[in-house]
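Enquirer: If you read the protein sequences in the order shown, they are chains A and B.
Okay, so the first sequence: first residue is 1 according to the numbering used here, each after it adds one.
Okay, so the second sequence: first residue is 1 according to the numbering used here, each after it adds one.
Everything labelled a hint here was simulated from the structure, so no lab data went into it.
Treat the hints with care, since some could be wrong.
What the hints assert, rightly or not - Below, in silico cross-link-like pairs of lysine-lysine (BS3-like), each with a Cα-Cα straight-line distance of 25 angstroms or less:
#1 52/A - 620/B
#2 54/A - 114/B
#3 5/A - 63/A
#4 62/A - 109/A
#5 512/B - 71/A
#6 514/B - 525/B
#7 114/B - 81/A
#8 54/A - 382/B
#9 577/B - 71/A
#10 382/B - 118/A
#11 45/A - 63/A
#12 506/B - 410/B
#13 525/B - 537/B
#14 333/B - 471/B
#15 154/B - 208/B
#16 382/B - 109/A
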Amino acid sequence: MYGRKVKLRFLFILLIILILILTTFLILKSLEENVVFFQSPSEIKALTEIKKKKIRVGGMVKKDSISVVSKEVKFIITDFKNEINVVYSGVIPNLFEEGKGVVAEGYLKDKNYFLATKILAKHDENYMPPEVKAAMEEK
Amino acid sequence: MPSLIGSYSLLFGLGCSFLIIFFSIKNFKNSNLFDSKILSFSLLQLLFVVISFFGLILSFVISDFSNETVFNHSHTTKPLFYKISGAWGNHEGSLLLWLLVLTLFISIFLLNTKNQLKDYRILTLLFQQVIIIGFFIFIIKTSNPFNYIYPEPKEGLGLNPILQDPALAIHPPILYLGYVGSSIIFSSALAAMTLNWVSKEWAKHIKKWILVSWIFLTLGILLGSIWAYYELGWGGFWFWDPVENVSLMPWIALTTLFHCVLVLEKKPILTSWVIILSITTFTLSMCGTFLVRSGILNSVHTFANDPERGVFILIFLFSLIFLALFIFFFFYKPDNVKINSFFWLSKETAILVNNWFMMYFLSVILIGTIYPIFLDVISSEKISVGPPFYHKLIIPFLIPFLLAMAIGPKLNWIKSDLRNKFYLFSFLIISLILSSLIIINLKIDFLVNTILISSGFYLFFITTRDFFVHKFQNLAQNISHFGFSLFILSVLFNNIFSSEIITNLKVGETFKSKDVIIFFEKVTKKKGQNYETIIGKFNIVDSENIKQTLIPELRIYNQPNIVTSEADIKINLLSDKFMTMNLVQNQNYFNIRYQHKPFMIWIWASVSIISFGGLISLFKKKHEV
């Protein structure tokens, strides 16, 4: 039979492997839960079911669409094919302007109505979120 | 003219590299004495890079718009201070700064290691030169800061206003000293490996270098964080943004490495692990540069999206990793007579356990940062990973981590027991009671928060006790660990007790809630040097009936035409009151954010304490632990 030392070492290695598998599983699991997907208004139009998961919607802020009602800001995101109404209460970044790119994070009410919890800040006037750029290029 | 000088001196600098390599190889083979020519050429190279760097600064100062970099990032109306800091506030200039620090470090290394083995010094220099040449070629080929435009434009495009800030002017140099400092650790590890000199002596010598980069990296991250807090107006200090993550990862690796080197200093164990960590740290620093500079991550640090640059750094990075692994597998022969025994209760075991936790934190952050990029490449699905992911995976493991951090330093090297350590147990009880008293009346998850805060308090009490009981023994370690406990506690309390109000107001309107009344009194317009500003005046009455006036600003810069909000922060020992305002386009509403952030100043202070511990350790004469 194997000595005590070998047995101990074997047990130790087994333990490490187990822990490794467990942590990998844990990481992947919570990654799956906490990932936020990006969709354009056209992709939302094509959805078959509305999930209760957080998503990001990106596109341009439609001209003359911003309006403020006390706490809330309403505007329309468009990718020039389809558009979606957004209601948002929260911090508005400085470069949030009509005719400029925007990414909103939040939940879909239905296909035409989006409840945003966050609008992503941009850092300079030329910067366009990569997602928006891609959506624009598809057009 | 300064541009021309700068440009040529870059080329001369590259030339020096080849001379250094030539003489080094000659010296390595032939003689037993270190050839002083090598040192002279290294210093000469440093001089050339310094000239080049000052050439660029001078071009910025005199607004020489025939230089493309100056044209893209400067403007005549910009204040002088930001003209100078603008020199490294862009892609090209910041890479020149990288190079400057690289050459600076190797020169200091050569001057500082006169007593070390000749072969070791030369090999370290050679490996460092490989990195230096890579950066020279990268700068000259893809991002030359001295490109010439003809005809000369009359006016420049200006520097992004959010970079026109004192904290951000010194953030890059400090951070780079940390990042690039790890290059010396990398080169030296490769050299030590080739010579089979990964030993106690090497550990003792490299420890200083690890500490230097660690201190700068800590301070660099701190500065960036403070800047994000007051300038970006997001009202926090850490957002798990990929750009922040790439600076945190080398920090974790460096911290782990430092602790391992402490073990290696005592006992010839963990040698391979130390080597792997040395390589990892530098790789992560390079990765950070790659991710930020290639335009893969979009952020304020992304100055230009040029795929060529990304590809170059990537190829360069992989060649360095390949070189490191090649040496690791073919040259490195760890001693077979290893004392491979770990007693379960000893300082080295405690360090090893904390190492595993660190590696776990590192992999969580790495996966969270890399996975979206990876997914984009293979399936073109666009995702983002937010703070909940990191919080969920990191916070539970902080508990054993903190406990091990409290008890670990109490153990002896090699073999230890826990007799006569009654206070260890009693402090645990006190911490538990204290934190449940704090948490019990709050509407938050009781169990997790209590345990978390208890372990924070536990570390806090134990390190505080050590200040009194042990006085100057292990002072450096104790200061840093104390700082860390203070940091964890401040962050936790900051998280739990923060409150925020976001609303839209017109001038003259009042916002009321049960905690606070905000009255928007007026706006005034003013003119700054290169911007116009709208200053809002808000009168705030909080729940304790304390009146305060906050005056957040909205700055409209002329060149480039960008609006930034300047938060008004009332700093207090116990809490910060933070306010920003933004204009809503085409409406007369202002978007207001008012935050009450407890213990903010303690977060900054605790990080400074952590790095101060490092400083003490660097300068202490007698060897302790």
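Enquirer: Against the earlier hints, flag every one the structure doesn't satisfy and list their numbers going up.
Expert: 1, 2, 3, 6, 7, 12, 14 and 15
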